[in-house]
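Protein chains: 2
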Amino acid sequence: MKNILLLGAGRSSDVLIDYLLKLCRSEGYQLTVADAVKQTAHAKIIANGGEHTAAQAIALDGNNQEQCRSVVQNADVVISLLPPAAHLTVAQACVEFGKPLLTASYVSPEMRALHKDAEEKGVLLLNELGFDPGIDHMSAMQIIDRLHAEDAVITAFRSYAGGLVAPEYDNNPWHYKFTWNPRNVVLAGKGTAKYMINGQMKYVPYHRLFSHTEDVFVEGLGDYEGYPNRDSVIYRELYGLRQIPTILRGTLRRKGFCAAWDTFVQLGMTDDEIIIDNSANMTYREFTNMFLQYSRTYLVEEKLAMMMNVPRKSELIDKIEWLGLFGHHKIGLERATPAQILQHLLEQKWKLEEGDRDMVILQHRFEYHKAEGNFELVSDLIVYGNDNRHTAMAKTVGLPLGIGAKLLLTNQIQLTGVQIPVKEEIYKPILAELAELGIVFRERIRSVE
Amino acid sequence: MKNILLLGAGRSSDVLIDYLLKLCRSEGYQLTVADAVKQTAHAKIIANGGEHTAAQAIALDGNNQEQCRSVVQNADVVISLLPPAAHLTVAQACVEFGKPLLTASYVSPEMRALHKDAEEKGVLLLNELGFDPGIDHMSAMQIIDRLHAEDAVITAFRSYAGGLVAPEYDNNPWHYKFTWNPRNVVLAGKGTAKYMINGQMKYVPYHRLFSHTEDVFVEGLGDYEGYPNRDSVIYRELYGLRQIPTILRGTLRRKGFCAAWDTFVQLGMTDDEIIIDNSANMTYREFTNMFLQYSRTYLVEEKLAMMMNVPRKSELIDKIEWLGLFGHHKIGLERATPAQILQHLLEQKWKLEEGDRDMVILQHRFEYHKAEGNFELVSDLIVYGNDNRHTAMAKTVGLPLGIGAKLLLTNQIQLTGVQIPVKEEIYKPILAELAELGIVFRERIRSVE
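Chains A and B, in that order, are what the protein sequence lines are. The opening position of the first sequence corresponds to residue 10 in my numbering, with each subsequent residue numbered one higher. The opening position of the second sequence corresponds to residue 10 in my numbering, with each subsequent residue numbered one higher.
The set of hints was computed from the structure by calculation and includes no laboratory data. Errors might be hidden in some of the hints.
[Stated by the list, open to error] Heads up, simulated DSBU-like pairs for lysine-lysine below, C-alpha to C-alpha not over 35 Å straight-line:
1) A/199 / B/312
2) B/199 / A/358
3) B/199 / A/339
4) A/199 / B/322
5) A/312 / B/264
6) B/358 / A/199
7) A/199 / B/339
8) A/322 / B/312
9) B/322 / A/322
10) B/312 / A/312
11) A/199 / A/339
12) A/199 / B/199
13) B/322 / A/312
14) A/264 / B/312
15) B/199 / A/312
Let the hints inform the model, and build the full structure from the sequences given.
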């Protein structure tokens, strides 16, 4: 009997566990769900109808190397939903015992360093197999390979992805709710983003990132905007687009979000290093004022409007006001960083309520020319969540991992080493099954001057 | 015979070595100058007239713990001019063998952790005994103690210090030349600054630091400006000003410098983490353009002016142009960070030429009230360098260390543990001897409404 080991039963594991339990029932596999708290793993199995299946929950300390080794040794395929920093111990055990590993995380330098060992051992460490990164790579590569087969020369590639609240449940001025790890949202974009436009390399430091947006129109949904995401330029190599003059990957938000979020960056409220003294007893108004110049004349609202160069009565200031950052509520969080205080507030205001549904959007936009002329191809994916647990994010992260596990257990992937899903061998069967499960791209091509 | 050990014979050690050699001659002490390169230490001794004195040069690897221990063991007082990160090994050896240590660096958390051990051992680790930090602490404390003795209530304290080029040699549009470690200047202000004004705590993130300046007028010299320096609020405690509503320590620059330097911060050019591909063959114009939005319409100069919200013909753009950042010269530095590239350029443009003289300025401004009314006290220190080696910076950093060593060798300091020079026992004799050596503050007090 083959064993699937899933590490981490966090809040986006439901769809994956549901998929794996069905797979176990039909194929006679065994599933082990490991979490720091055994009860969490057990509850997820029960919640997804796994009571009478061959599924077991175990407690696992991701930092305990010996324990990791012993559970990995008994598995046939390992899926890690642990935080990225915890993947390495697992990956080392996978290489040692020759067990394939799947993650939805970006390849870290430490992970990349295992490539040679993994190849020699004939084992696959397949990362970036979630939504973004994951489905974005696979769907982009399917189009790129097809265009190249048609002798097209691709001159520009832009790709934007975002996890958002579905329009019917979008009832706040930010048009945003947390559908994913709030901490990652608060700290998003730290570092310097890098992309290429018309052959020119562009670097965008964090403090200009959220004012450095492009408009993105999504048919049927309307106006969005995107900001550049990390290093887009490495994908010239990874996507086989070595000569492409324009390449940009970005994060998608509802129009107006980035200008307002920029307020936090400009103020310094996303700083996660300094500790604010006496933060528990401070009011949110005092917190906001701490980042604004002293004045005897102007109110906090007025100083912020001046700093951001907008009128006092403006959408931007309204958004900040709606969050309560001018209010007299106490923060109630002791010795916190500004980022922790901001996250604490946003978690109350941007909560996905019971009954709310989320949505993910992915849009690729290619420009290319062929013998017949110049073309633009737009490929959109829009997925809605079913409910609070079976979110669009949980589907689009979990299903590629589940399908990947199935392919590995049936020996349909021969690739070894540290990989991301850019090869046809991987993306073709996964995208095909995703389509069967309702995760379908729509594509339109128009001729341009 | 008593032994003085000086670690590090870098470019600002001349005045200190000169002082110590004279001390050795008059008191019969022995000086050992240790440097990574023995020849450097030897050359400094010769250059300062130490050929026929009891001074020796040795080679020392600051990271070699055993070697540090053996040289410290033979010393009666140790002065470290090593980079701050190298002080710890030396400090540990000083505690072990009960030898006092003097440095001109900020107390690091690791240094602070040695306090208890040093106290138990009865040994003094005296840090921040240079110019800034150093003379600033001592001169501020002398005034604060005096005002407190006069029953004054101090309501505001601002202190600005800067190392600059002397006015007669100030012949570039930035009104700045490197008189100190260029790397520290390029990376200055990273992190979040913290100060207090009228009882309100203020945080200034790095990307707003250089637009967050105060005007500072220096009598006889003219208009300067200052930006907040690190954490000013801890000095409420350290200076015995626990209730003071306004406290700010800052760095002084010639007026207009900060707005222009802000350009580099806004662009992202002070980033010291990302590596620029192919930087050697890139021109400075391409480098600048990399940080600016793509445009078919506007020139690099125009895009920069728009980003900084100044006219194309403006002092700010002239300053950038003067540096050559719009020019077609190749950078010639391989795989460098933006900060390294910027430093490389500035070192050519802001070089202190043969014959140039530098200057340091320190200004304290106190507001206080007494029974008789409200007062403002301004205390200025202006020191000029003699030449390229005996700079104002080398004097004001080196002499306090030299005098401190003399006081320790004659048992005039009883303090132990990790300290900064805020106690009368230290500042009184040091400021008195500095005054004899021409380092004199001028003070004026005026009555205010």
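Verification of the supplied hints:
For the proposed pair residue 199 of chain A and residue 312 of chain B, the alpha carbon gap of about 24 Å is at most 35 Å, so the pair holds. Proximity of residue 199 of chain B to residue 358 of chain A is assessed by CA-CA distance (about 32 Å); at most 35 Å being required, the pair is judged to hold. Distance hint between residue 199 of chain B and residue 339 of chain A is fulfilled; the C-alpha atoms sit about 30 Å from each other, no more than 35 Å. For the suggested pair residue 199 of chain A and residue 322 of chain B, the alpha carbons sit about 34 Å apart, so the restraint of at most 35 Å is met.
Annotation: proposed proximity of residue 312 of chain A to residue 264 of chain B holds, straight-line Cα distance about 24 Å (limit 35 Å). A hinted pair counts as satisfied when its Cα atoms are at most 35 Å apart, and residue 358 of chain B with residue 199 of chain A qualifies at roughly 32 Å. About 30 Å separates the Cα atoms of residue 199 of chain A and residue 339 of chain B, which keeps this hinted pair within 35 Å; it holds. The suggested pairing of residue 322 of chain A with residue 312 of chain B holds, with an alpha-carbon distance near 29 Å, which does not exceed 35 Å.
Of the supplied pair hints, the one linking residue 322 of chain B and residue 322 of chain A holds, its CA atoms being roughly 34 Å apart against a limit of 35 Å. Between residue 312 of chain B and residue 312 of chain A, the direct Cα distance comes to roughly 27 Å. Compliance with the 35 Å bound is thereby established for this hinted pair. The hinted pair formed by residue 199 of chain A and residue 339 of chain A meets the criterion: a straight-line CA distance of about 28 Å does not exceed 35 Å. For the proposed pair residue 199 of chain A and residue 199 of chain B, the alpha carbon gap of about 15 Å is at most 35 Å, so the pair holds.
Restraint check for residue 322 of chain B and residue 312 of chain A: satisfied, since their Cα atoms lie roughly 29 Å apart, inside the 35 Å limit. Of the pairs offered as hints, the one joining residue 264 of chain A and residue 312 of chain B holds, with about 24 Å between alpha carbons and a cut-off of 35 Å not exceeded. For a cut-off of 35 Å, the pair hint linking residue 199 of chain B to residue 312 of chain A stands: about 24 Å separates their Cα positions.
Figure legend: structure checked against the earlier numbered hints; every hint is met.
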